[in-house]
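Residue numbers (this note's numbering), protein chains in the order written: chain F, 51 to 170; chain G, 266 to 379.
Hint data in this document are derived by calculation from the structure and do not stem from the laboratory. It cannot be assumed that every hint is accurate.
Stated by the list, open to error - Simulated crosslink set (DSSO-like; lysine-lysine; CA at most 30 Å straight-line):
(1) Lys287(G) <-> Lys323(G)
(2) Lys107(F) <-> Lys323(G)
(3) Lys336(G) <-> Lys107(F)
(4) Lys302(G) <-> Lys322(G)
(5) Lys302(G) <-> Lys61(F)
(6) Lys61(F) <-> Lys120(F)
(7) Lys107(F) <-> Lys333(G)
(8) Lys61(F) <-> Lys307(G)
(9) Lys307(G) <-> Lys120(F)
Computed from a predicted model, the values in this text were never measured in an experiment.
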Amino acid sequence: DAGITQSPRHKVTETGTPVTLRCHQTENHRYMYWYRQDPGHGLRLIHYSYGVKDTDKGEVSDGYSVSRSKTEDFLLTLESATSSQTSVYFCASYAGQGTLKRGSGANVLTFGAGSRLTVL
Amino acid sequence: GENVEQHPSTLSVQEGDSAVIKCTYSDSASNYFPWYKQELGKGPQLIIDIRSNVGEKKDQRIAVTLNKTAKHFSLHITETQPEDSAVYFCAASITDTGRRALTFGSGTRLQVQP
Numbered sequence: 051d052a053g054i055t056q057s058p059r060h061k062v063t064e065t066g067t068p069v070t071l072r073c074h075q076t077e078n079h080r081y082m083y084w085y086r087q088d089p090g091h092g093l094r095l096i097h098y099s100y101g102v103k104d105t106d107k108g109e110v111s112d113g114y115s116v117s118r119s120k121t122e123d124f125l126l127t128l129e130s131a132t133s134s135q136t137s138v139y140f141c142a143s144y145a146g147q148g149t150l151k152r153g154s155g156a157n158v159l160t161f162g163a164g165s166r167l168t169v170l
Numbered sequence: 266g267e268n269v270e271q272h273p274s275t276l277s278v279q280e281g282d283s284a285v286i287k288c289t290y291s292d293s294a295s296n297y298f299p300w301y302k303q304e305l306g307k308g309p310q311l312i313i314d315i316r317s318n319v320g321e322k323k324d325q326r327i328a329v330t331l332n333k334t335a336k337h338f339s340l341h342i343t344e345t346q347p348e349d350s351a352v353y354f355c356a357a358s359i360t361d362t363g364r365r366a367l368t369f370g371s372g373t374r375l376q377v378q379p
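Bound-form chain G, shown alone (with noise of 0.2 Å):
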């Protein structure tokens, strides 16, 4: 089955500094890249998404890469303000059939020191 590895667990910026959080993952035929984000005592919630025909998406401070033959895909934050601050998850799937749910990585908990 497909395996997602996330780095770093634990990630610290200063406000207004970008933040990167990369994902490997290991089946080849996943296709979907989501990205979620998880505040404090909420499920988590789908901040922005990457379909494996696309390198690159952005979406205001937000932006996801994928280098498909790397098999890696990455999240940006840009301009990072404190209620970035948040556990992100990334996860891989392959969307031929519903059956398929997503495989998770094992987050990062994102801190925005104002």
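Next up, chain F with everything else stripped away, as it sits in the complex (with noise of 0.2 Å):
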């Protein structure tokens, strides 16, 4: 496993408060990538990062913002929390192509054990 920790692992806040996530790995992998999974969405992505400070949308990434300034972290924040935000969040990361991963694939993402967020 690529050493990935999510934190808080079970967080419950309250409709309009900003929250934090965060991600940490110790594998110095270049891409990191946050995703949010729903019953009947499988895993849609939320931002994804290709390097320090270097980031991009994915597909619900509206109401989300992101920061990475060191390689080892990446930190999801949501600005003022609404219901439709309560989901598990999971980050993964990857060391990009060429890695020998099992499988070989270029893209062998590694997730995190997930972080349970409930806006009331």
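Put the two chains together into one complex; each comes in its own frame, and the hints tell you how they fit.
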């Protein structure tokens, strides 16, 4: 595993409050991603990063922002949480092209254990 | 963008039987197709993957087949065991650049009855 840790693992908050989820990886992976998982939707990409301070939007980026000031940390922020953002959030990372990880695919994403967020 | 559809959403089999999960994708440029297994309370884990220059790949009881013309790929699990019970996700991606993240299907909950 890539040694990805997410914090907090569980959070309950109220509508309108800001929330920040943290992802930390110890493998010096270049690429990092935030996905959300909801019943019937699988995993949907929120934002991703292809290097320090280099980020881009995914398919469900509205209401979310990210920051990556260090290779190992990727933060996901909900500026003003809404009930529709109640979900399980997964961080993922991978080294990039040419990695010799299992499967030898260039896109071998390795996931963290998830952060369950409830917005009341 | 890419769209991946996965069927069935739930699958129940008897221990020892085979299980098949099917996915279709929309972007003909996609060339990498991994399968992930997610156990309760954990993040998804890669179990097998296939690239578009290969039609089939096996790893012990697990196999994946790819039909590029029809744009569909399938996961086959033989001799199922209770520990195979989990949610399985297919995904698709273009591997020309790391900026292309995986697009996932909606998942299949597999239950293996002892």
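Quiz item: Which numbered hints turn out to be false for this structure?
Solution: 2
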